[in-house]
Amino acid sequence: MITDIPDAELHRPQVPAADQTLRILRHLARRPAPIAATALARELGIPRSTVYHLLATLEEHGFVVHLAQERRWGLGTSAFELAGGYARQEPLARLGRPILAGLADRVGESAHLAVMSGRDVLYIVEERAARRPALVTDVGVRLPAHLTATGRAMLAALPRAQVRALYPDTAAFTDRTGSGPARPAELREVLRQVRQAGVATEDGEVTAGFRSVAAAVHDHAGWPIAAVAVTWEDARDAPAQAEVTAAARVLQSRLGYDRR
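Going by the working numbering, the first residue of the sequence shown is number 366, and it counts up by one from there.
No lab work stands behind these hints, which were simulated from the structure alone.
Ideal Cβ positions, reconstructed from N, Cα and C, are used throughout, including at glycine.
Any given hint might turn out to be false.
[Said to hold, decoys possible] Okay, the calculated beta carbon distance ranges per label pair: (1) R497 to A537: 27 to 35 Å; (2) H418 to A603: 46 to 54 Å; (3) R391 to G505: 25 to 33 Å.
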């Protein structure tokens, strides 16, 4: 009977490797920057050889990336995809939809909510304003993060080492309209401007004749979990950036991540 099993046995992980793997991922997710494998082993109390073996397997599946020059490890694109899958399943879309509907009504332009998925953004909510044209940012659409305002807002909030891992060279960059960053140095400058301004913008880099402004939604550790954006035609006046930022902060608060 279960009552005959010692209490220590009841609480001992039945699959130690799985337990250690999940602990490593959780620890990396809580860190503000990539970490050395030796520090992971020390902080988690896992043998160093075991940590290296588990990291190698996680790297094969894209859940971690090895920053060789820094001898550190950080979360990989598959980890972002898991986060995106969680977001798509309910909370972000459910909580974000009414907030974006109100934003679209106030500014008179279409609003959308996106999450990171590798080097792409994935749109999970779109609220089209009355008498405004259809956009490419429909629900379920993926676009290159470095070209979109939503992607730039989230990339700017990531550790610089994480951005380097996602965009190591020119092969990582794609193009839509012939404009936008095409190499790591150009992306670094774009993200520097985003951090300085507090919002991200794009001008015709996704669709010619349209512009966007976006603000990131952060979790309790400051990691970007989504971004709120508004898109409008060049011929129209730009919406107030403060409205977009305020909508992102409201969603952040309703998710339980109010950082004030």
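Now for the hints, and whether the structure bears them out:
| no. | hint | verdict |
| --- | --- | --- |
| 1 | R497 to A537: 27 to 35 Å | holds (33 Å) |
| 2 | H418 to A603: 46 to 54 Å | holds (52 Å) |
| 3 | R391 to G505: 25 to 33 Å | holds (29 Å) |
The structure agrees with every numbered hint stated previously.
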